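Asker: What follows is the residue order along each chain.
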Amino acid sequence: GENVEQHPSTLSVQEGDSAVIKCTYSDSASNYFPWYKQELGKGPQLIIDIRSNVGEKKDQRIAVTLNKTAKHFSLHITETQPEDSAVYFCAASYNADKLIFGTGTRLQVFP
Amino acid sequence: DTGVSQNPRHKITKRGQNVTFRCDPISEHNRLYWYRQTLGQGPEFLTYFQNEAQLEKSRLLSDRFSAERPKGSFSTLEIQRTEQGDSAMYLCTSRRTDYGNTIYFGEGSWLTVV
Numbered sequence: 021g022e023n024v025e026q027h028p029s030t031l032s033v034q035e036g037d038s039a040v041i042k043c044t045y046s047d048s049a050s051n052y053f054p055w056y057k058q059e060l061g062k063g064p065q066l067i068i069d070i071r072s073n074v075g076e077k078k079d080q081r082i083a084v085t086l087n088k089t090a091k092h093f094s095l096h097i098t099e100t101q102p103e104d105s106a107v108y109f110c111a112a113s114y115n116a117d118k119l120i121f122g123t124g125t126r127l128q129v130f131p
Numbered sequence: 344d345t346g347v348s349q350n351p352r353h354k355i356t357k358r359g360q361n362v363t364f365r366c367d368p369i370s371e372h373n374r375l376y377w378y379r380q381t382l383g384q385g386p387e388f389l390t391y392f393q394n395e396a397q398l399e400k401s402r403l404l405s406d407r408f409s410a411e412r413p414k415g416s417f418s419t420l421e422i423q424r425t426e427q428g429d430s431a432m433y434l435c436t437s438r439r440t441d442y443g444n445t446i447y448f449g450e451g452s453w454l455t456v457v
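Protein chains in written order, with our numbering: chain A, 21 to 131; chain B, 344 to 457.
Derived by calculation from the structure, the hints in this document are not laboratory data.
From a predicted model like this one, the values you see are computed outputs, not experimental measurements.
Be careful, since some hints might not be right.
Stated by the list, open to error - Below 30 Å or equal to it, Euclidean Cα-Cα: the simulated DSS-like pairs (lysine-lysine) are:
hint: 1; chain 1: B; residue 1: LYS354; chain 2: B; residue 2: LYS414
hint: 2; chain 1: B; residue 1: LYS354; chain 2: A; residue 2: LYS118
hint: 3; chain 1: A; residue 1: LYS88; chain 2: B; residue 2: LYS400
hint: 4; chain 1: B; residue 1: LYS400; chain 2: A; residue 2: LYS42
hint: 5; chain 1: A; residue 1: LYS62; chain 2: B; residue 2: LYS414
hint: 6; chain 1: A; residue 1: LYS77; chain 2: A; residue 2: LYS62
Stated by the list, open to error - Counterexamples of contact, computed for chain B against chain A with all Cβ distances above 10 Å:
hint: 7; residue: GLY359
hint: 8; residue: ASN361
hint: 9; residue: GLN397
hint: 10; residue: GLU399
hint: 11; residue: GLY428
hint: 12; residue: ASP429
Said to hold, decoys possible - Beyond 12 Å from chain B on every Cβ pair, some chain A residues (computed):
hint: 13; residue: SER32
hint: 14; residue: THR44
hint: 15; residue: SER46
hint: 16; residue: ILE82
hint: 17; residue: GLU99
hint: 18; residue: THR123
Virtual Cβ for every residue (Gly too), placed ideally from N, Cα, C.
All chains, please: the whole structure from these sequences, using the hints.
Answerer: Here's what the structure looks like:
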């Protein structure tokens, strides 16, 4: 079955700096890769997703890149703000059924 | 609010009691999914439905767990004879398969077994 590894587990950056979170997956059949932001006590919030027919996707300060050959995908947040502080999860799946999540990255943005 | 709705949001129960959670998906979404998230971990898949048919169940879903979606709209997740290890957040999501893969989660239902 699919296995997703996520690094780093914690990440501290200064406000305005960039943050990068990396994930690797094992199942080459996976074709859908969402990223979620989770704040304390709340459900995961979808922030961006990418499908396997695309190598990169951007939405304002957030971008995701996918390398199908190497089976890894990354989340890039530029110009970080204190409100970006949260736990971020990557996930992989085939057609969005049965998402397999990484272990999470706690991002702290210091003013 | 047109998102996924879950009730109750919080439930504290004594070990051995039964609990039921309800999920109201986004209207016209034919697929509905249940996940479980324990503290410090990512969500884990439990089961999913295509309309009223349960298509897949995880091995995490022991015999004490049962999920239904009787009319293909809302779904319930029942846990019988709760154990302390059942303490977690139970998350529901839904999607419409002809609209693509995007998965939006509800706010979840917190279960604490004491």
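Asker: Decide, hint by hint, whether the structure agrees.
Answerer: Each hint, compared with the structure:
Of the pairs offered as hints, the one joining B:LYS354 and B:LYS414 holds, with about 25 Å between alpha carbons and a cut-off of 30 Å not exceeded. Proximity of B:LYS354 to A:LYS118 is assessed by CA-CA distance (about 26 Å); at most 30 Å being required, the pair is judged to hold. With a C-alpha separation of about 28 Å, the suggested pairing of A:LYS88 with B:LYS400 holds against the 30 Å cut-off. With a CA separation close to 29 Å, the supplied pair B:LYS400 and A:LYS42 stays within the 30 Å bound.
Simply put, A:LYS62 and B:LYS414 have alpha-carbon atoms about 28 Å apart, close enough for the 30 Å limit, and the pair holds. Simply put, A:LYS77 and A:LYS62 have alpha-carbon atoms about 26 Å apart, close enough for the 30 Å limit, and the pair holds. Under the 10 Å C-beta cut-off, the non-interface status given to B:GLY359 relative to chain A holds; the minimum distance is some 26 Å. Against the 10 Å criterion, B:ASN361 stays outside the reach of chain A, whose nearest CB is about 24 Å from its own CB.
The beta carbon of B:GLN397 sits about 13 Å from the closest Cβ of chain A, which is more than 10 Å, so the claim that it is off the interface holds. With a closest Cβ-Cβ approach of about 7 Å to chain A, B:GLU399 is found to fall inside the 10 Å limit, against its non-interface label. Chain A leaves B:GLY428 outside its interface by the beta-carbon criterion, the shortest separation being 19 Å against a cut-off of 10 Å. With a cut of 10 Å on Cβ distances, B:ASP429 stays outside the contact zone with chain A, its closest approach being about 18 Å.
Residue-level check passed: A:SER32 sits 18 Å from the nearest beta carbon of chain B, beyond 12 Å. The beta carbon of A:THR44 is kept farther than 12 Å from every beta carbon of chain B, the shortest such distance being approximately 14 Å. With a least CB separation of 15 Å from chain B, A:SER46 remains clear of the 12 Å interface cut-off, as annotated. Non-interface status of A:ILE82 relative to chain B is upheld: no Cβ of that chain comes within 12 Å, the nearest being about 15 Å off.
Non-interface status of A:GLU99 relative to chain B is upheld: no Cβ of that chain comes within 12 Å, the nearest being about 25 Å off. Non-interface status of A:THR123 relative to chain B is broken: a Cβ of that chain comes within 12 Å, the nearest being about 6 Å off.
Checked against the numbered hints given earlier, the structure breaks hints 10 and 18 and satisfies all the rest.
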